[in-house]
Amino acid sequence: SVASGHAKFEGFYNVSEEKIKEALEKVKKALTYLLNLLHDKFYINSSAVYELKSEALLVPLIVYLANNNCEFKDERELKKFMYWFYNAMMWGRYTRRGKSSPLEQDVVTITREKTPESLIHNFEREVRYFDVKADNLEGAPVTSPFFNMTFIVSKSKGAVDWFTGNKLHTQMLGALYRLHRHHIFPREVLKKRGYYQDRDKKKLVNELANRGFLTERANKKIRSSEPKDYLKKVIAKYPRALEQQFVSEKEELWKVDNFQDFLRDKRQKIAKGINK
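Counting with the working numbering, you get residues 1 to 276 for the letters of the sequence shown.
By construction, these hints were calculated from the structure, which means they are not laboratory data. One thing to keep in mind: the hints can contain errors.
To be verified - The list that follows gives simulated cross-link-like pairs (lysine-lysine, BS3-like), each with its CA atoms no further than 30 Å apart:
hint	residue 1	residue 2
1	192	232
2	203	276
3	255	191
4	250	201
5	192	233
6	255	272
7	133	250
8	276	255
9	201	269
10	203	192
11	157	269
12	269	41
13	203	255
14	255	228
15	269	133
16	233	203
17	202	232
Please model the complete structure; the sequences and the hints are all you need to start from.
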């Protein structure tokens, strides 16, 4: 893409060997710079399912960097590219079907225009608004890009494991410290309340608002405990741990009878956190 200015492979055949070699060197430098930024600024540590929804999202950034001294000009430009990147991930820029390839369109545009605004403008033609609403999160599963974004924002807030205090990321060492998508209200508890007898209710059990990011060690400790029995202990040990993952500190919402109110509250908090 750097050598040809296109995402489509056909353009590659018209590029000279010398130009390809030159482009490869630029890509190496751009990628090294970008990988460090992904960790430090984007809060993305790997291509794991929790974080990077599609590696194609990196292509326009690499093309831009390779053609522009392998760095962003300043903080303002970086933030504009981050704004495009997160929204392209959440709203499925490269998963949408259409007559033309969005990736091809974006590579051509960023090669020619050389601005983050040009990428944003391309996407604005398809998406009416970028703000996330609580309704967008209702019933959203862990495969939803909003799940990835929730994890990214939680990490930006310094999210820690509820029982060890370790900062959460996808490259923690040891089997007991692997990241789990914990059900805050356990499935066994909700099953007893009839949430598996109805398809719509079952979706609520597994939606991202009923998930917390915890290590395997913590997940085993909680097992089938109700939130009212363990969340108070979490706050006592790590006062900001719930807030970092958009979980209400109102004890009334930790009761099983108020499960759906808990979800509504958390959806609002997640949407606000993402938009911020």
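Comparing the hints with the structure gives:
1. 192 / 232: It holds: about 23 Å lies between the C-alpha atoms, which stays within 30 Å.
2. 203 / 276: holds (27 Å)
3. 255 / 191: With a Cα-Cα distance of about 15 Å, the restraint between residue 255 and residue 191 holds, given a limit of 30 Å.
4. 250 / 201: holds (23 Å)
5. 192 / 233: holds (24 Å)
6. 255 / 272: holds (24 Å)
7. 133 / 250: With Cα atoms ~22 Å apart, residue 133 and residue 250 stay inside 30 Å; holds.
8. 276 / 255: holds (29 Å)
9. 201 / 269: It holds: about 21 Å lies between the C-alpha atoms, which stays within 30 Å.
10. 203 / 192: holds (15 Å)
11. 157 / 269: Since the Cα atoms of residue 157 and residue 269 sit roughly 13 Å apart, the hinted pair holds (cutoff 30 Å).
12. 269 / 41: holds (22 Å)
13. 203 / 255: holds (19 Å)
14. 255 / 228: Given that 30 Å is the threshold and the Cα spacing comes to 6 Å, the pair holds.
15. 269 / 133: holds (10 Å)
16. 233 / 203: Within the cut-off at roughly 28 Å; holds.
17. 202 / 232: OK: residue 202 and residue 232 at ~26 Å, within 30 Å.
This entry satisfies every hint, going by the numbered hints stated previously.
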